[in-house]
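Use the sequences and the hints to build the structure in full.
Spelled out, the chains give:
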Amino acid sequence: MTTEKIETARPLVRLDEVGKNYGNIIALREVSLEVSPGEVTCVLGDNGAGKSTLIKIVAGLHRHDTGTYQVEGEAVSFASPREALDRGIATVYQDLAVVPLMPVWRNFFLGSEKRKTFGLMDIEFMRRTTKSELLAMGIDLRDVDQPIGTLSGGERQCVAIARAVYFGAKVLVLDEPTAALGVKQAGVVLRYIVQARERGLGVIFITHNPHHAYPVGDRFLLLKRGRSIGYHSKGDITLDELTALMAGGSELEELAHELQGVTAGKELTEEAKKLGLTD
Amino acid sequence: MGQAVVQPPRVAADERVTRRSPLRRLLGRPELGALIGAVAVFVFFSVVADAFLQASSFSTVLYAGSTFGIMAVGVSLLMIGGEFDLSAGVMVTTSALIAALFSYQLTLNVWAGVVISLVLTLALGFLNGLLYVKTGLPSFIITLATFFMLAGANLGVTKAVTGNVASDSIRDMDGFATARSVFASDVVIGGVNVNITVFWWLLFVAVATWILLRTRTGNWIFASGGAAASARAVGVPVTRTKIGLFMGVAFCAWFSGMHLLFAFASVQSGEGVGNEFFFIICAVIGGCLLTGGYGSAIGAAIGAFIFGMVNKGIVYAEWNPDWFKFFLGAMLLIATVVNLIVRRRVEQSG
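Same order as they appear, the protein sequences are chains A and B. In terms of this note's numbering, the first sequence has 87 at position 87, counting the first letter as 1, and numbering is strictly consecutive. In terms of this note's numbering, the second sequence has 619 at position 340, counting the first letter as 1, and numbering is strictly consecutive.
It is worth saying that the hints were derived from the structure and are not from the lab. This one's a predicted model, so the numbers in the text were calculated from it and none came from an experiment. Some clues are possibly wrong.
To be verified - Rough simulated footprint, nothing fancy, chain B against chain A, three-plus residues with beta-carbon under 8 Å: (1) 81–90; (2) 104–111; (3) 114–121.
C-beta: ideal position from N, C-alpha, C; glycine also.
This is the structure:
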C-alpha cells in the first residue's frame with residue numbers, strides 16, 4: 001500500500017448540511033464535516049447526539065436524506081458498506097468490529113480474502129501477513145489461528161484498525177474505539193490513530209471523551225440532539241472549552257455541586273476534578 | 280502492500296500467556312466430541328452385538344449413515360451460517376415426487392424428470408432463503424411454514440395426479456437403469472456390496488469441507504453465522520451467502536430424493552416428515568453450534584455415522600427397534616453436553 005501524497009486542499013470526505021430522518025424522527029440535521037489526508041476529525045457528543053447516524057451515513061450503512069456527501073470532490077450516496085470500502089472509506093465499529101469465533105487471520109481478511117486460482121484462498125499468505133501486520137502494530141500474537149474473541153478489547157480494535165489500514169483505506173472511521181477500554185489500552189489505540197494520521201490517512205474519530213479526542217484531533221465537531229453545536233480547529237479551542245461544550249460538561253459540574261455534602265458526592269466531585277470538569 | 284509502520288510501538292510478549300499445546304488444539308476442534316462419541320458407540324455395539332463387526336453389517340451401517348449424512352452436509356453448512364431448515368425432510372420427498380410425476384405423466388425420459396426436479400428443488404431452497412432475507416423472520420418460522428406447506432402439497436398433488444398416495448412406478452421408463460446406477464446402485468468392494476450413496480456422501484463431505492476451510496465462500500459462511508452485522512460491515516454479502524446455503528440444503532434434498540426414487544421406483548408422498556430433526560441431530564452431534572458460526576462438515580458426517588451405527592446396531596443387537604429414537608435422543612443430549620464441556624475447558628485454559 002503506497003501512501004500517496006495528495007494535496008491537502010481537497011478533503012477526502014466532505015459532508016455539507018447532511019440530514020437523516022428515521023420516519024418522523026430527525027436523527028441528524030444540517031451537519032457539516034470534512035477530513036483531509038493526514039488529519040483527524042473528531043466527532044464528539046453524548047449518547048443520542050447523532051454520532052452513530054453520522055458514521056452510518058459515512059460508512060454506507062444508511063443513505064442521507066438531505067445535504068451532500070462528497071468523497072474526493074465527487075458527490076456520492078452509498079447503497080452498501082462495500083461501496084464505501086471501494087472508495088477507500090473503512091469503518092471500525094465499536095461493537096461489530098470482528099466475528100469472535102473466527103480465527104484472527106480469517107477476521108483480518110474477511111470480506112477481502114486473498115485468492116489463488118479456482119477460488120482457493122491463499123491461506124499461508126494470509127496467516128503470514130496477519131502476523132507481520134499485527135507485529136508492526138505491536139501486537140505479538142502467539143497464534144493467528146486462535147479465535148479473535150480470545151483477544152482483549154483493545155487488541156481487537158487494533159486488529160480491526162490494522163486491517164483497514166492494510167487494505168488501503170484512505171479514510172478511517174473509528175466508532176468509539178476507546179469507549180470500552182481501560183486507560184492503558186485506550187492509550188494504545190490512540191497511538192494507532194496518530195500512526196494512521198502520519199501515514200497520510202484521514203481519520204474520523206467518534207468519541208464522547210474530550211480527553212481522548214483533544215490530543216489526537218485536528219478538528220472537532222460537536223453534536224447534540226442531532227445538530228452541530230460547534231465545529232472548531234484545534235487552534236480555536238482549548239481542552240477546557242471543548243470539555244465544557246460537551247453535553248456532560250456543565251451538567252456534570254452542576255451535579256457535582258448538588259451532590260456536595262452527600263458522602264457519595266465527594267467522590268464524584270473528585271472524579272469530576274480529575275477529569276478536569278470542575279476547577 | 281503493507282510497508283513498514285511509522286515507529287511501531289513494540290510490546291513485549293505477554294508473560295501471562297503460555298503456548299497452546301497440540302493436544303489443546305485438537306481439543307478445540309469441533310469434531311472432537313463426535314469422534315469420541317463415535318468410538319464409544321462403535322465399541323459398545325461391537326461388544327453387545329456379534330454381527331456388528333462383520334463387513335456386510337458395516338456396509339449397512341455406512342449406508343444408513345450416508346442417507347442421512349448427505350442431507351446433514353447441507354444442513355450443517357446452513358447451521359454454521361446461523362440458520363435452520365425444518366423443511367429439509369419433506370423437501371426430499373417433494374424432490375422425488377417432482378421427478379417421478381413429471382417423468383410418468385409426461386412420459387419423459389427419467390433424466391428429464393431428474394433435471395426438472397433439480398431446478399424446482401433449488402427454486403424451493405431459493406424461496407426459503409428469499410423469504411428469510413426479505414421478511415427478517417427467524418428461519419425456524421419460515422421453514423416451519425414451508426415444511427407444512429410442502430408436506431400438504433406432497434400429499435395433495437400426488438393424490439390429485441395419480442389418485443393414490445404414492446407415485447406410479449417409473450421402473451420401466453427410459454433412462455431408469457442409468458439413473459439408478461448413478462443414484463442407487465451397489466458397488467462391490469472386497470466382496471462386500473456398498474451402496475453408491477456412501478461414496479457420494481464422502482465426496483459431498485469432502486467438497487463441503489473444502490468450501491468451508493479453503494474458499495472465500497467458507498469464510499463468508501462462518502462470518503454470516505458468527506456475526507452477520509460485523510460480516511456485512513466489512514463487505515461480506517451476507518444475504519447472498521444465506522440464500523446460497525438454503526439452496527445447498529435443497530441440492531442435498533434433491534440428491535437424497537433421487538436416491539429414494541431410483542432405489543424404490545415409486546415414492547410414498549407422506550414420507551420424510553420428522554427426518555429434518557435427524558439431520559439437525561447429526562449436525563449438532565458433529566459439533567455445530569445452534570447459534571451458528573461454528574462447526575464442521577466432517578463433524579456432521581461423524582454425527583451421521585453415529586446415527587447409522589445406532590440405527591442398525593440396535594437391530595444387530597436384536598433389541599426392540601422401537602427404542603431407536605430413545606437412544607438417539609440420549610445420544611444428542613450426551614453429545615451436546617460433551618461438546619459444551621470440551622469447548623469450555625479449551626476456552627478457559629486457552
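Do the hints match the structure? See the list:
1. With a threshold of 8 Å between beta carbons, the proposed coverage of the region 81–90 of chain A by chain B holds, since 3 of its residues qualify and at least three are required.
2. Counting residues of the region 104–111 of chain A whose C-beta sits closer than 8 Å to any C-beta of chain B gives 4, which meets the bar of three, so the coverage hint holds.
3. Taking a C-beta to C-beta cut-off of 8 Å, the region 114–121 of chain A contributes 4 residues in contact with chain B, enough for the three needed, and the coverage statement holds.
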